[in-house]
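Engineer: Sequence:
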Amino acid sequence: MVVLTLYPGDGELPFKGTQIHLNRPISHRLFDFIGWKKFAEYINKYQPDVIQANASDTLKFCSSSKYLFKWKNKLVFRNANKMGDFIDSPLKHKLNKFYLKNLDYVISVSKECEKDFIKTFQFSEDKIQTVTIGVEEKKIDALSPDLKEIYSKGPVIVHIGGFVPEKNHETLIRIFSCLLKNNQRLQLVLIGKGKLQEAIRQEVQEKGLEKNVHFLDYRNDILEILKRATLFVMPSLIEGLPAVILEAMYCGTPVVAFNVGGISEVIKSGQTGELVQKGDVDDFIQRVERILGDENYRDEIVQNASDLIHSQFLNNQIAEQFESCYENLLEPEIKRGQLRILQIIQKKQFRGAEIFCCQLSNELEQKGHEVQVYSIFEGSADLPYSKVINSFQRNQSLRYTDYSGWKAIAEIVRKFKPDIVQANASDTLKYTVISRQLFGWKVPIVFRNASLTSFYINGSLSKEINRFLFQKVDKIVSVSESSRNDLNGLFPSTTNKSIVITNGVNLGLQENRISSPFQNGKLNIVHVGSLTSEKNHLKLIRIFEGFLETFSEASLHIIGDGPLKKIIENAIQNANLTDKVIMHGEMPNPQLYIKNASMLVLPSLVEGLPGVILEAMNFETPVVAYNVGGISEVLNDKTGYLVESNNETQFVEAMKQVVISDNTNKILKAKELVKSKFNNSLLAEKFVKVYRNTIAEKKFN
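In the numbering used here, the protein residues as written are 244 to 944.
Everything labelled a hint here was simulated from the structure, so no lab data went into it. It is possible that part of the hints are untrue.
Said to hold, decoys possible - Think about it this way: if two alpha-carbon atoms lie no more than 30 Å apart in a straight line, the pair counts; the simulated DSS-like pairs of lysine-lysine are:
#	residue 1	residue 2
1	Lys396	Lys370
2	Lys685	Lys591
3	Lys340	Lys358
4	Lys335	Lys358
5	Lys920	Lys470
6	Lys280	Lys358
7	Lys591	Lys660
8	Lys281	Lys259
Full structure from sequences and hints, please.
Structural biologist: Structure follows, in structure tokens:
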């Protein structure tokens with residue numbers, strides 16, 4: 244990725260990759276032969292698959308360069324406004340029609356802008372689509388000290404935009420002057436620069452508003468300003484889909500705006516903000532006063548707006564849509580055929596990494612790819628994979644010196660000829676990497692990082708071995724942001740080849756066919772997990788004892804197997820809970836229990852992103868879990884009960900709240916989250932993109 248700017252500027256772009264600054268004189272914007280030639284030289288140097296021209300003069304610049312210097316790379320235009328509003332002469336229309344002839348595709352910022360573009364230029368509907376802007380998820384810091392005095396005076400209304408006619412500052416000042424009559428404490432913060440700024444300053448002074456109206460230049464702390472604001476306003480006359488509206492919604496700041504451009508695609512009156520007919524100043528004032536005066540109404544709008552942003556407008560979601568556009572544009576030239584994928588798992592066992600690998604492989608098969616799944620060690624679990632899972636049947640005690648095992652993997656690679664090898668957690672990393680190092684096969688390795696690596700690194704030797712292994716894989720797909728950050732912190736060299744794709748669930752599972760295994764009228768609490776130290780079963784038993792003091796009729800069902808089985812059974816006997824705690828062992832369909840449980844509990848010490856939580860959310864079962872690993876990325880006070888790690892008292896109280904509270908809203912929010920972000924079919928498409936990109940990078944390097 245390379246970002247190139249045409250003209251000089253004093254702003255710092257939030258991009259860490261390669262930046263090129265042409266520094267062309269803006270006075271040459273209509274004819275810049277030298278600039279067009281330099282641009283063509285950079286195209287020849289970097290050979291990009293796609294060039295995206297982002298609004299304004301970038302269209303004429305890129306199109307002219309392509310026309311004159313005959314480069315063939317795909318040219319995409321990012322249409323960020325209703326261009327019909329700016330085409331005010333036959334000459335402008337004719338020039339833009341010429342520029343458009345050199346385009347391969349147009350990506351509009353809103354449906355309104357797309358319709359306008361098609362109508363204005365009689366542009367082909369087959370060569371244009373809408374992908375909105377997005378918001379970057381980031382930590383919002385404290386308010387800058389230089390602004391604290393403004394915010395201490397009273398409720399703050401914010402407007403962000405250049406001082407140009409279409410932003411309509413004159414009307415905004417008139418609106419604010421009326422609002423002040425009912426609330427003298429109101430403050431208006433205007434952020435931006437432009438040719439009309441001095442005229443607006445003069446108008447503020449003439450109206451005697453200088454104590455309440457504050458002018459700021461563009462800043463880097465916009466989110467911090469919005470987060471503490473009472474209201475964001477935008478009485479613009481022309482817009483595409485302003486990013487700042489999405490940022491305000493993300494920050495929990497209600498929005499009042501004129502209905503222009505694509506704003507109505509995100510602001511729905513009475514739901515996610517207030518939308519006013521363009522020019523209706525009186526209605527604008529009334530909508531602002533309602534939000535300022537009705538805290539419950541304001542909170543409802545803020546919540547709805549936040550939910551919309553997080554479900555549809557985060558940058559990672561928007562980036563995937565752009566990537567899909569690029570791939571479709573390049574499809575005829577880059578054949579996207581069937582892939583052969585070799586999946587390596589640790590063992591045939593009912594553990595999250597193995598279960599998700601099998602679910603993923605089923606989805607990949609359904610999408611036309613050929614998959615083979617091999618386990619390193621044998622196991623008895625009947626995993627949910629539609630085909631046979633073969634096993635190398637290796638001896639686990641020899642995993643550091645298993646020459647025959649490493650050779651066996653190389654033989655399968657030679658016979659199957661996969662395009663990609665995916666190693667799924669645990670010992671699969673060392674087996675695949677060492678096999679490739681010793682036997683010289685060239686297939687890229689993708690490692691599935693399913694937990695917190697640092698928990699399993701014991702001593703300097705272990706760290707150095709794993710450092711070597713991680714250096715040799717081609718891509719690392721972590722199950723959560725927490726898992727990725729943990730790995731990148733431990734081994735910084737993994738940062739540039741790490742991405743996150745979560746676990747998911749099979750939404751096609753027929754819930755109504757899952758009959759209850761429990762007796763009616765009892766509280767049945769379910770835990771699903773391997774019987775290992777990190778799952779914290781001994782503390783779970785103690786937590787359950789505390790819960791029984793209030794709800795003595797409850798039963799705890801533990802599903803899973805592992806090396807601590809005897810120790811856990813002894814702890815149950817010592818606590819005299821053999822009639823209350825049932826050990827079910829491993830089972831192929833824990834969904835029977837999850838779906839019909841009163842709640843799922845997970846007091847783990849270490850986790851990546853447990854698939855069992857997503858299963859419970861999908862089955863509308865309340866979840867109580869410790870805040871470890873990536874659990875907080877799906878579980879919070881809106882979707883369940885997230886408990887401070889190791890706080891047993893709080894865990895017991897959360898379990899009690901599940902019983903006595905109405906959990907309807909939490910359950911619905913949790914299910915919506917799973918459907919929108921954790922669908923295995925969608926996740927499989929993400930994995931395919933990772934495979935293709937990794938293959939291409941391997942060939943390039």
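Engineer: Flag every earlier hint the structure violates by its number, smallest first.
Structural biologist: 1 and 6
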